[in-house]
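Student: Place chain B on chain A using the hints.
Chains as they are written, first to last, in numbering that gives the first Met the number 0: chain A, 0 to 226; chain B, 0 to 299.
The reader is advised that the hints may include incorrect statements.
[To be verified] Calculated lysine to any residue pairs in the SDA-like style (CA-CA distance at most 20 Å, straight line): (1) Lys189/A x Arg201/A; (2) Lys291/B x Gly130/A; (3) Lys291/B x Asp153/A.
No lab work stands behind these hints: they were computed from the structure.
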Amino acid sequence: MAELDLKAIGVRGVNSTLHSLPEGANEQDWVINNPMGKHAIACGLDAPLEVIINGHAGFYCGGMNQQASITIRGHAGVGVAENMMSGQVWVTGSASDSAGATAHGGLLVIEGNAAARCGISMKGIDIVVGGSVGHMSAFMAQSGHLVVCGDAGDALGDSLYEAVLFLAGKVSSLGADCIEKEMRPEHLAKLTALLEATGIDRDPASFRRYGSARKLYNFDIDNVGAY
Amino acid sequence: MCGIVGLYLKDVELQPSLGVLFAPMLIEMTDRGPDSAGFAIYRDPVDGDQTKFTLASDDLNIDWRALNAEMERALDCVVGINLWGDHAVLVTDAQATATQVWLGKNRPDLRIVGSGRSIEIFKQTGLPKDVVAAFALTRAHGSHAIGHTRMATESAVTTAGSHPFATGLDLCLVHNGSLSNHNHLRRELERDGIVFQTDNDTEVAAGFMTAKLRQGKSFLEALQAGLVELDGFYTFCVGTADGFAVVRDPIACKHAVLAETEGWVAMATEYRAIAHLPGADRAEIWEPEPHKIYTWGSVH
Numbered sequence: 000m001a002e003l004d005l006k007a008i009g010v011r012g013v014n015s016t017l018h019s020l021p022e023g024a025n026e027q028d029w030v031i032n033n034p035m036g037k038h039a040i041a042c043g044l045d046a047p048l049e050v051i052i053n054g055h056a057g058f059y060c061g062g063m064n065q066q067a068s069i070t071i072r073g074h075a076g077v078g079v080a081e082n083m084m085s086g087q088v089w090v091t092g093s094a095s096d097s098a099g100a101t102a103h104g105g106l107l108v109i110e111g112n113a114a115a116r117c118g119i120s121m122k123g124i125d126i127v128v129g130g131s132v133g134h135m136s137a138f139m140a141q142s143g144h145l146v147v148c149g150d151a152g153d154a155l156g157d158s159l160y161e162a163v164l165f166l167a168g169k170v171s172s173l174g175a176d177c178i179e180k181e182m183r184p185e186h187l188a189k190l191t192a193l194l195e196a197t198g199i200d201r202d203p204a205s206f207r208r209y210g211s212a213r214k215l216y217n218f219d220i221d222n223v224g225a226y
Numbered sequence: 000m001c002g003i004v005g006l007y008l009k010d011v012e013l014q015p016s017l018g019v020l021f022a023p024m025l026i027e028m029t030d031r032g033p034d035s036a037g038f039a040i041y042r043d044p045v046d047g048d049q050t051k052f053t054l055a056s057d058d059l060n061i062d063w064r065a066l067n068a069e070m071e072r073a074l075d076c077v078v079g080i081n082l083w084g085d086h087a088v089l090v091t092d093a094q095a096t097a098t099q100v101w102l103g104k105n106r107p108d109l110r111i112v113g114s115g116r117s118i119e120i121f122k123q124t125g126l127p128k129d130v131v132a133a134f135a136l137t138r139a140h141g142s143h144a145i146g147h148t149r150m151a152t153e154s155a156v157t158t159a160g161s162h163p164f165a166t167g168l169d170l171c172l173v174h175n176g177s178l179s180n181h182n183h184l185r186r187e188l189e190r191d192g193i194v195f196q197t198d199n200d201t202e203v204a205a206g207f208m209t210a211k212l213r214q215g216k217s218f219l220e221a222l223q224a225g226l227v228e229l230d231g232f233y234t235f236c237v238g239t240a241d242g243f244a245v246v247r248d249p250i251a252c253k254h255a256v257l258a259e260t261e262g263w264v265a266m267a268t269e270y271r272a273i274a275h276l277p278g279a280d281r282a283e284i285w286e287p288e289p290h291k292i293y294t295w296g297s298v299h
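Extracted from the complex, chain A is given alone in its bound form (with noise of 0.2 Å):
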């Protein structure tokens, strides 16, 4: 176990030795210490690492991540793992808003709730939040799967596409186009293995799944006049 000093050597310092590492280097395993807030940390790694961030996090933190496993002991700020690839990002602590914001693969883990935007335009990153999330959460979602153990607020999965969203909570409202759905087999199975790569002890049955009505992103002759 390695261990940097944030506040000694910077965020560049920080990410540019992560960033170094030659493949299959023999330190796999990483501490940041002090982390202090600062924005961008660990941001566009891109080996099998284990980096534990030890404290809060500003914004960015994770973002274009692919393959290493990022934990952030304690709160992450606006945007965190926007735009990840594959690899993992947990948060132990609560997120800021566009939690997985265009995300393309891998697992986001939020222990505590998401603000607003969460998973917004995301394609194809799973998300899990223990929580709740805020308004206009998965706005525009293409494709991925949104796990929702709280509430969500306004408009969610307003204009959506593909993505499935599962939520064990209340909503305030669903967003255009977003309507709730019957969950298959294939859907609890996902559900199901999501809630278990988590540890989240939640019965999957208690959720209930959304997506879009394929009414808004299809032309339809009958909705000309609105577009």
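Tutor: Chain B alone, transformed into the frame defined by chain A:
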């Protein structure tokens, strides 16, 4: 883009260190607002029959002592004065409204930056670190403070256009965002007798609060009315006599984070402004919800 910060010390033993704790919050937000900075400190509440005024002058050679004597003669009162850079903090036992009227009539060269029993407001163009130094913030004690670093978008970079903006006795606000209906509201408020010093959109929000309070609305009612009538993007932090309030617009695209420990409550545009506070690593941290009023200290 701007940075706003607030710190409320629940633990009275921390109060001698307010400035030491608060100054780095303001300086950390320099990237978000290098044009001007300002802050309100709440300290040394005056007696019930006294009022504290913070005044500012663009004339560096102003004779504050002469003003002191002039006011004592004209208003038959006792005035104490403390100088901080180009600001002066006056304590007077003259009636607050009478003092305001007298200053407006006889000393239009002076700006009343703030007034109340404990509030003192300091603001200036320039980098936050220079503003901190100009007003000796690191030596300040007090119960709470709010501050602002400005990247100007809606109006000119001037000291008058810097935040915080006073709104009523012991009340002031700082703002991150921009209001879209401020011209319309300004015209309406001017009809109701509110006087504006600048073209700044935040001054309109402050004037709006002032107008509501003058109509007899409570502080919370004034904030609630603001949520309905102020159109635009905003995170506001409002300093009150013994605490502060935080409000975000319904879209909530202007960042804000709150942190609380047993010793203090802090708000900031970004958590990095809070990270240095004692015990911040163990603080409860969350993002304030949109369209919801958060308050600390007693408000009514």
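Student: Now look at each hint and say whether the structure bears it out.
Tutor: Here's how the hints hold up against the structure:
| no. | hint | verdict |
| --- | --- | --- |
| 1 | Lys189/A x Arg201/A | 14 Å, holds |
| 2 | Lys291/B x Gly130/A | 19 Å, holds |
| 3 | Lys291/B x Asp153/A | 14 Å, holds |
Comparing the model with each numbered hint stated earlier shows that all of them hold.
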